[in-house]
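*Asks:* Read off the chains here:
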Amino acid sequence: MRVFLQVWRQKNGQSKGRFERYEASDISPDMSLLEMLDVVNEGLVQKNEAPIAFDHDCREGICGMCGLVINGVPHGSEGGATTCQLHMRKFRDGDEIWIEPFRAKAFPVLRDCVVDRTALDRIIQAGGFISVRTGAAPDANQILVPKEDADLAMDAAACIGCGACVAACPNASAMLFTAAKLSHLGLLPQGQPERYSRALAMVKQMDAEGFGACTNHEECEAVCPKEVSIDFIARMNRDFAKAAATFRPPKARGGGD
Amino acid sequence: MTLNSNCPTGPIEKRWEKRRFEMKLVNPANKRKYNVIVVGSGLAGASAAASLGELGYNVQCFCYQDSPRRAHSIAAQGGINAAKNYTNDGDSIFRLFYDTVKGGDFRARESNVYRLAEVSVDIIDQCTAQGVPFAREYGGLLANRSFGGAQVSRTFYARGQTGQQLLIGAYQALARQIAAGTVKMSCRSEMLELIVVDGVARGIVTRDMVTGKIEAHVADAVALCTGGYGNVFYLSTNAKGCNAMALWRAHKKGAFLANPCFTQIHPTCIPVKGEYQSKLTLMSESLRNDGRVWVPKDGKDSGKPVFDIPENARDYYLERRYPAFGNLVPRDIASRAAKQVCDDGRGVGPGGLGVYLDFADSIKRLGRKTIEERYGNLFDMYHHITDENPYEVPMRIYPAVHYTMGGLWVDYDLMSTVPGLFVGGEANFSDHGANRLGASALMQGLADGYFVLPYTIGHYLGQRAAGGVKLDHPEVKAAKKSVEERVQKLLDIGGSRSPDSFHRELGLLCWEHCGMARNKAGLEKALARIPELRAEFWQDLRVVGSGEELNQELERAGRVADALEFAELMVRDALHREESCGGHFREESQTPEGEAMRDDERYCYVAAWAHQGVDAEPVLHKEPLSFEYVKLTQRSYK
Ligand SMILES: Cc1cc2nc3c(=O)[nH]c(=O)nc-3n(C[C@H](O)[C@H](O)[C@H](O)COP(=O)(O)OP(=O)(O)OC[C@H]3O[C@@H](n4cnc5c(N)ncnc54)[C@H](O)[C@@H]3O)c2cc1C
Ligand code: FES
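Those sequence lines, one after another, are chains A and B.
Position 158 of the first sequence, counting from 1, maps to 157 under numbering that gives the first Met the number 0, and the rest follow consecutively.
Position 59 of the second sequence, counting from 1, maps to 58 under numbering that gives the first Met the number 0, and the rest follow consecutively.
Chain B on its own, in the form it takes in the complex (with noise of 0.2 Å):
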């Protein structure tokens, strides 16, 4: 199989425009007819069912919390970005384009990041009609401020809860969709399975997480916003019950999965404390514009107390290696940075995984009082959590699992390779390369699902005629009874460790060989360990209680039992990617400085892996990336 981008040709300011005029149109009385199912209601779930609700489609929308304002998306503090250029500092959809595709190493498709940078514009309009109370200036303008090292002000916030406010925005208006009756919400449900017939993507089977039903739902088109697959480390920033349980189904019944080794460590987290850590807390990048980086220069001095270490014996060593960006590098390269330095034996805290964030210089300057303005919620939330006065001391941070840039491929128009399966947010891997900048997630995310998805599924749905598959079909009746199967036999094991004991596992496994540094030995060992611990896993579960009531550890179960298939293909990935870019640092291809090289050469490509069986090897599919409007270049932060 080939894989073709669909990307429409052309000068690339005019692609979408040229796309949106050549797409198929449906009739608004017919509208009604179409069933389409949303799976997931964070910003890209909620966006898009709100807005297809809206068209006059007959919308589906599930997710597993008990209501669809509480998806992750909600967690998400610095903000968001657009090309406005509100602040006349020379921003523009070009740069913004420019920006992501460097930022993203080169490993992103072109026409695809030039629309989210054209629709950003858009976002910002909408959700401020829908009332986001983003911040704003004394004369009632927007506030931008600048984020993650970018060089214009672009970043539009509300608080630290850009993605709690957004989501927000989304969810009334899918509130005022479900109050319509255009769209029908199912809460605490859970997407078990895919149903294809003919090739084409018609449904899904859902378990209901309080009664324990398992259900088939029908669709003209299936659209998955369930998130990244971050979980699959255990420990990451995401919210518990992030997984990857609907990708891996989707991409069992034949979507391909792309670049799942490209994941994003976010540098600055609250680091470990002991076995029981149950999620990691991400302090926001902004910390990274007063703070300084720092551990001591000796080892020696690593568990001595903070202020015993003189200030000539310390190591700024973001500000040494970097002196251009300081401690504004990019996240990948903040966080090896991080890890190189504990790996000489320099690291502060427990265990030796940690490094300092230091705002004693800017309190010294600025006064407290500013600091207290600038992060006074962050500065109380890492005292809550780790009991430690960071006006007093230094902040303690370590990497940690953030985000994923791989996810289903999808085509231009965000359909994946199953006809009829759209996919938009973090699950797709469409924009991002293999380093995702900051506050562009909650961008891409409203951008697939209020811009995107609602033309390009309309588009797919004037094609064919509505409806055709009923519940009693074979493939659906089966779909629904393999499901059931499933769940069952995750019951039935009645072994004695239960599954979060094998997510931690699998999570350290993945953390040690396919984190933030990898190489062939490594990766080989976890790519012979991960089958074993997954038939450990189905010989060893056990789940105590039913089916048919609401049980937690089914859930983390099913979840488990999926992301153990899924490392397996992300480790491979790591393994067959034998360069450096982005998130994925292969050891083997560095520069004699360290830093990351990429080998443009061999692997300009977006791996897209064909599932072959559980035990069979996927077959490695290869869509080239050209560059015409952003010249390939190695980054360089020096």
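Just chain A, same shape as in the assembly (with noise of 0.2 Å):
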């Protein structure tokens, strides 16, 4: 088959970028999106061009590094799946496709659909996680998680991190992102502890970082490949409230010998 591409091309991340478009032609339908993108800047570079820049490891749906806006909604419109997992035969022959990078305030372009996500780490630095020291850990069964509970904690835990929920919401919101990772700490025994201080130190992060505020517009849960649910932003909303109302920062550990 044969499909023609509009690509955003940039040099870098002071530069002006713009839609370029291209032609691929002896494409498989069997071929994956990446592959049929494999195949163009292949042709690129016989031509001594640039090949376009994207970003992408596992080529599986798992490490969640790729991530394009392909006709407008970010890793297509397949669902429950990402860029990588994409194939030529949702196309038809002669389509006019439109790949960009995933846009938002906190994920500047770095080059063509290349972005920089990295402050999604910040949030997580910010407190997700569960402070334990290695090697401090009790026997593991003696930690008894209902199994719904582990199995709900899994369902937010699933999450990849790829940022399509950011690059969906109008308001470029991550709270999507966010509230995954405080549910699945947050709905586990271990979690407890730092059940509270997590739910405030990420939002605060989230804020800090950029990303807009929800509007309960949903587009994020309908483009999260893992198809991680919007409830888990109710959940979020809930601990974040009773946190602000009634956390009291710790008081300086001192003295002891």
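No lab work stands behind these hints, which were simulated from the structure alone.
Treat the hints loosely; a few may be bogus.
Stated by the list, open to error - Dumping the calculated DSS-like pairs for lysine-lysine here, alpha-carbon to alpha-carbon at most 25 Å:
1) K212(B) to K183(B)
2) K46(A) to K488(B)
3) K476(B) to K183(B)
4) K212(B) to K10(A)
5) K252(B) to K479(B)
6) K272(B) to K89(A)
7) K488(B) to K10(A)
8) K203(A) to K272(B)
9) K212(B) to K15(A)
10) K368(B) to K146(A)
11) K469(B) to K252(B)
12) K46(A) to K89(A)
13) K476(B) to K32(B)
All of these numbers come straight from a predicted model, not from anything done at the bench.
The task is to assemble the complex, starting from two chains supplied on their own in separate frames and drawing on the hints.
*Replies:* Rendered as structure tokens:
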């Protein structure tokens, strides 16, 4: 098959970008979309032109590295899939396909379709963990976790941190991402001691990074390749409200011998 | 040079304890004066960096992805082994040790493997405390399953995303240390050289993959946790970015490479579709619990639609050849058997490179719902990629390169032959011998990172003063300069072929001659061809763009350049080892029934190679292996 691409090209973070049109011919419907781009890139190299830069690694939907907006939808309109899991058989011969980077103030473009998503890492660094020292853990079966809680925590933990939720949101909010982590840890007994301080810290960082607020567009859930539910946002809001109302910062630890 | 494995002596159950007691300790107030570089943020790297940071060392961690959370470990599906014996089915540390030594076809060091089994139980405790959402039973206890043909249920899992959840656990521990200021994380940062000063590892040179800036970093110790070299084959189940560069750079700076020919081919992957194929997708091994593997008895039926092949014309070859284990034989055996039937002309699907994995009987016996519960996500994934519905039509699978048991040689302390250079995870050769058991790589990565390296690196640092080498040291400057020149050289060739085109060619060559079955003639052919291909690369490579920008072609070029050297050593190692063991099958060394035949008289050793120059022959050093606890026997799964 043959398709036409409109691809966002931008030399670096400082320069202005624009769409460029490319023709991709001799495309097999069994190819993945990224394999199609590989073929286009090989052609560009033959013409001594800079290939299209895009992020990817595992190419099987788990690392969260890939992320293209395809025809206006982060990860394309397949649903429950990442960019690397799209196949050309979902397009028709002669289609025009628009390909651009995830866009958000907190995700500056580095080149073409590659963006900087380190803001998400900083949200985790603000408190998205359970403070446990290596070697200080009790026997695993001393901590009983009801199966339903473990399963729900796993639903939240399935987030791959790709940032599609941010790219889909009209406010570029990172609520779904943050809520997924807060719920994963907050649902487990191990996560209870830091549950409220964690909610405060992560939300604060989220705001500091320039992500927007949630105004219930629900676009995030629709594009999430792991189908993480927006119910987790409600859970986060509850924890945050409770934390804001009752949380007292810890007193300075001192003394001792 | 004689290789000293530096293993403690005495009863095997006491060795690790003994070593830990003998270790030098660093005064807590002095720890922050020591700089430790950890390259890699996979299970091994993230857990090591987090634990070292927590101990108080000043840690710098690097990865090539945009976030440490994306390391290739994230892709592991099946599970992680631990000798908890929670299911009361007779497991023990000794049994896990025994299974691992035997499964590795007696080419691993007993002391290391025992320690691995010993700390496996701590890993599960650690991860659970971190909030890793392992599967649970209704009573709230952890669930286990049997995996990869093991006779006990010792595998812990988190749906089909065990690697992801374990890595997120380690990543979060790392994030905590980054916030605490004990670890400095550099992402999109690729190590291009190891810095060695006076024979000791003192730092690395990296390239910032966004700006192209080349920088030297000095430290008191360096730990490489950079994963395996499976992508030398181009097509593999590894992530696209996985590469052998860090290993190869270290090797060229004096670190011996051990058993590079021990590569694992996984039997259940989705077959290649076309020339454009960029990677191969693993279908979890667990599918073999309920799927039956078959091909037509007669090659004439190969092209027929599957339902036109009647039951009596099907050959369930694993069940026929290995009645005791059937479809659950270890990976190397299942892979080889698939190759044999395809070589016989009985393979199915495009090019005849596939075998059926059929769930019809299980669906009839257990109902579609049960199968859906067990494998739903895998069936969907298969459907997605192939456009075929595996509930209705049998899956087609074929073996693919998956894991590399070989790697940098390390002693008991996981230190390479370059003092101060430690190696953890898939990057070292240490624990899996010639074949790795399912669910044991995750275990090893975390064992190395959480429980071994923090101790052994501390012991190393405890014996020397901090600092000493600065950025203006001549060796440091020379290393940086050599990287700058090398990058420029790649850019200046100005030929006509892309890095990928060379990589594909190299991969095919390795797959054909150094893949599932190897023989002298084929290996010699590859050994002759690889240097030619390398010469073509350096004459005809084209890298568009410059070094001072985000340039993915340049990144690939550097990796392929090293793969072209690495592959030669892998082939040479395969040629020298004239026995079959584990994943290394030499056609010359088989029993009359076509099974692998080990040669303990001649090859019961670790082959550790010392680099002598790109076009010079490497020197082979042998570390003899002795087995005190597990008796050397031929593996049999009949
Ligand atoms: C599809 C798949 C499924 C698997 N399933 C299982 C399973 O169920 N159970 C099991 O036990 N094992 C499994 N394995 C094997 C297991 O996942 C790996 O062996 C293991 O995760 C490797 O971990 P690691 O920490 O050694 O390296 P990796 O996770 O590969 O991490 C390597 C790190 O090094 C960095 N790096 C590499 N080179 C450089 C460089 N030059 N400069 C800077 N950084 C660099 C990378 O950025 C990355 O952070 C599976 C493997 C695959 C491919
Ligand atoms: S490349 Fe890993 S999720 Fe797409």
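*Asks:* Any of the earlier hints contradicted here, and which numbers?
*Replies:* 8, 12
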